[in-house]
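Visitor: Modelling step: build the complete structure from the supplied sequences, incorporating the hints.
Protein chains in written order, with this note's numbering: chain E, 1 to 488; chain W, 1 to 449.
FYI, nobody ran anything at the bench for these hints, they're computed from the structure.
Possibly wrong hints are sitting among the right ones.
Claimed, not checked - Restricting the straight-line Cα-Cα distance to at most 25 Å, the calculated cross-link-like pairs of lysine to aspartate or glutamate (DMTMM-like) are:
#: 1; chain 1: W; residue 1: LYS32; chain 2: E; residue 2: ASP190
#: 2; chain 1: W; residue 1: LYS67; chain 2: W; residue 2: ASP420
#: 3; chain 1: W; residue 1: LYS60; chain 2: E; residue 2: ASP190
Said to hold, decoys possible - Computed footprint of chain E on chain W, listed as stretches where at least three residues anywhere in the stretch have a Cβ under 8 Å from a Cβ of chain E:
#: 4; segment: 28 to 37
#: 5; segment: 197 to 208
#: 6; segment: 223 to 235
#: 7; segment: 372 to 380
Keep in mind that this is a model prediction, so the values were computed, not measured.
Here a beta-carbon is modelled for each residue, glycine too, at the ideal position from N, C-alpha and C.
If you want the building blocks of each chain, they are given just below.
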Amino acid sequence: MKETKLIFEKSHPGRKAYSLPPLDVLAENVEDLIPPAYLSKEAPPLPELSELDVIRHFTNLSKLNHSVDTGFYPLGSCTMKYNPRINEELARLEEFLHLHPYQPQETIQGALQLMFELQQFLAEIGGVDKVTLQPAAGAHGELTGLILIRAYLEQQGNPRSKVIIPDSAHGTNPATVNMCGYELVEVKSDSRGGVDLDSLKALLDEEVAALMLTNPNTLGLYDENIDVICQLVHEAGGLLYYDGANANAIMGYSRPGDMGFDVVHFNLHKTFATPHGGGGPGAGPVGVKEKLAPFLPVPTVEFDGEKYYLRYDLPHSIGKIKSFYGNFNVLLKAYAYILTMGSEGLKKVSEDAVLNANYLMRALAEFYELPYDRNCMHEFVLSGRKQLKESGVKTLDIAKRLLDEGIHPPTVYFPLIVEEAMMVEPTETENLETLDRFISVMKKIAEEAAENPAALKEAPHHTPVRRLDEARAARQLDIAWKPANRGS
Amino acid sequence: MRYLPHTEEDRRKMMDFLEIEKVEDLFDSIPKKLRFQGKLQLPGPLAESQLRQHFNSLAKKNMPLSKSVCFLGGGAYDHYIPAAIGQLISRGEFYTAYTPYQAEVSQGTLQTIYEYQSLICLLTGMDVSNASMYDGASALAEAAWMSHQINRLTKVLLPETVHPEYRRTVHTYARAMGLEVVGIPRRGAVTNLEALQKQLDDKVACLAVQQPNFFGALEPVDRLGEMVHQTKKGLFIAVVDPLSLGLLARPADYGADIVVGEGQALGNPLSLGGPYLGFFACRERYVRKMPGRIVGATLDKEGKKGFVLTLQAREQHIRRHRATSNICSNQALNALAAAIYLCLMGKEGIKEVANHCLQKANYLKKGLQSIKGFQVLYPDPTFKEFAVKADTPWEKVQQQLLKGGFLAGPALSQYYPEKDLANAFLLAVTEQRTKEEMDALLNRLEVLS
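Guide: Structural data, given as structure tokens:
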């Protein structure tokens, strides 16, 4: 049995896992330096452990995780591709890892050069004019982008009041719209999975600030009418925001800027192979067309022909959206990835990502319903409707059954417009044997669903824990260990 | 091609299965006129050895902290990072996983987040913590937004003693969100209480106070908490240095409703400003308004303890536009580093580190009093950082220090145009600085003056 005790339950008074050199200045009474009113009466009751206790605890916990390094991870819209090891090693070079953000700029010229060049690479890949590297994640990029749009429209005289998003959009889009003080308006998808043009036309008026769109969208489909959509929104005086979560499909094939988008964010932890870290850190740089460039957050990274520098004097800037300059250590890995792949390599990345997805989609369509039957891009959405109707097996059961096979399930129950949805994104770094095994496992599960549905509902059997009671977690809220709980 | 496993034969096989001639056929939904023509103008491809060479050439143009003595502060600090942290967070099982959507195969990440949340609660004294935010500044902006969501009020009180970059971040968010940010002037190094008093009314959504503040000085947090709580619904947000809590009063004990801060000091490298983590904790009664992921304990169907993402009804993927925030990816790996740091330091270690910072900073502060041409600016008690004023221009001071291998700052005049802060700057002293280094800095300043 794997150990799952909490670290707090392993604490033993007096154990130490740290060492400090002797204090080499004369120690004064703490109360003489800081009035007692400001001081805590006792130290925070942190656990007391040996270094081996800590190493063993977290090493054992790590083994309870599924990860890209240990198995197939076709989690749709998350682009769980291989994270190159050389990038990790480069990121650990002290000349990048141990730089203070307020060091004089002449002492960080290499880092600034890297950021400047990355801005240019992303602008080229996205077909935009100028890029900020400051946003820390995709959703942070969305927030930055909408704030930019608001600032631009305000300067034009009217920030407008509505933002349109499709009913297939990522959940972050509507949440971002709300945070930015815009009213959310949803546009329907048409029968081919794209934006319904008539619905869009009906929604467009002088109050629409922007349309936020992912293309390819969350169904994995490239919107064939994208040029018309962009034209319609622009004619109504609105701007177009591109959610770059799915950019792994289009590198070298299609650029958001060319499609007509004004603001674009990139998820470096998806398309550009930086690790997901168990939920972050990511990076969500934002690119814009020239007219929006004056509003970018400060500082931007610039080059004057001799030296690289941080530019703060942008009078129309929206200000800052976090401290400092962005998740530098993540940016660095994306930069290394782009240099490794080059132009042809990135194009090949998208080709293989799309090839892998179509290969899986066509093979799996034999066993599962395919609601939108056309070539997909880097991902596709299946429906477990047939299994639910015929044998009462839910998509959730199928997902849990995959866990027993050592495969991470697809994104499930999303997008919302597909019943019993399973969104599959294999990525380009998976080989044919892995894809074929996934097909055979999914086939086996479809057969089990028909023959022995009860067993499927019991899955998973071989994971560190069985199905967990989520309702209990929300009802009997236990989200922090407290000293009073000791021994319970 | 690098990282692409398919052979041409594999591709052919797959294309045959798909009954297509060439892979471009799969891109047929892209309208012809939008098809990118030509080649992206990018350097590369580079082989691994070439990439390494390129990075080495860039690396030479940077001066890492090992080649200098760092007294730089301003929200990012040169604390020691125990080796065990880098070893543990480099495990692929941690860093190549994503948000733990499938709990049964993510117990490692889930339990570490639960433990991280618990550690943040132990440190701050608060009831609940989320799984992390992007950084201290954005955590503060989200705390202001959360206050508004709790009391529907819009007036955010933000003293000028709060980190200028945090204030700018709050302003950016607030402007979009329709919140009104009111700056509270300082008196010397701390918040001007009379000025604050004038702004206290029933429209106040929150007051955010940094402890220690941007000048390194300690704010009268007890009093400030009482003051904002005299308003009808105003909440008290404390922005704290996590390591200071080895000595300083816990925010829960002085009435904070929400506690946020920059977690970099907890085992995360400086890395030119990111990735760091914002920690975010609050009173239990507000937990449903808290942004971000939260992990909770529960039982599996056999009664075994396990962990899941919980209270997801607050989150963007369920609640969509009614979510408490749009945050999705956070800073999980940095939060893991922080959790490991706190476990390694333990109850005694955190106190000892905090004490070393305090004692050493005090040594330098005292030493400065006898250096002509430099004055310690304020008499207020400080923790590990304090403000100094030079008689000579800051640029000259900075350059002279750099020549001697010292980093100091940031300069205060770039954020505060007031006359009294011309040529003033911050000095931060972590446990890593030695008496010898501080004496050398004092000597260098003496020569300068």
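Visitor: Compare the structure with each hint and give your call.
Guide: Now the hints, each set against the structure:
no. : hint                 : verdict
1   : LYS32(W) x ASP190(E) : holds (21 Å)
2   : LYS67(W) x ASP420(W) : violated (33 Å)
3   : LYS60(W) x ASP190(E) : violated (55 Å)
4   : 28 to 37             : holds (count 8)
5   : 197 to 208           : violated (count 0)
6   : 223 to 235           : violated (count 0)
7   : 372 to 380           : violated (count 0)
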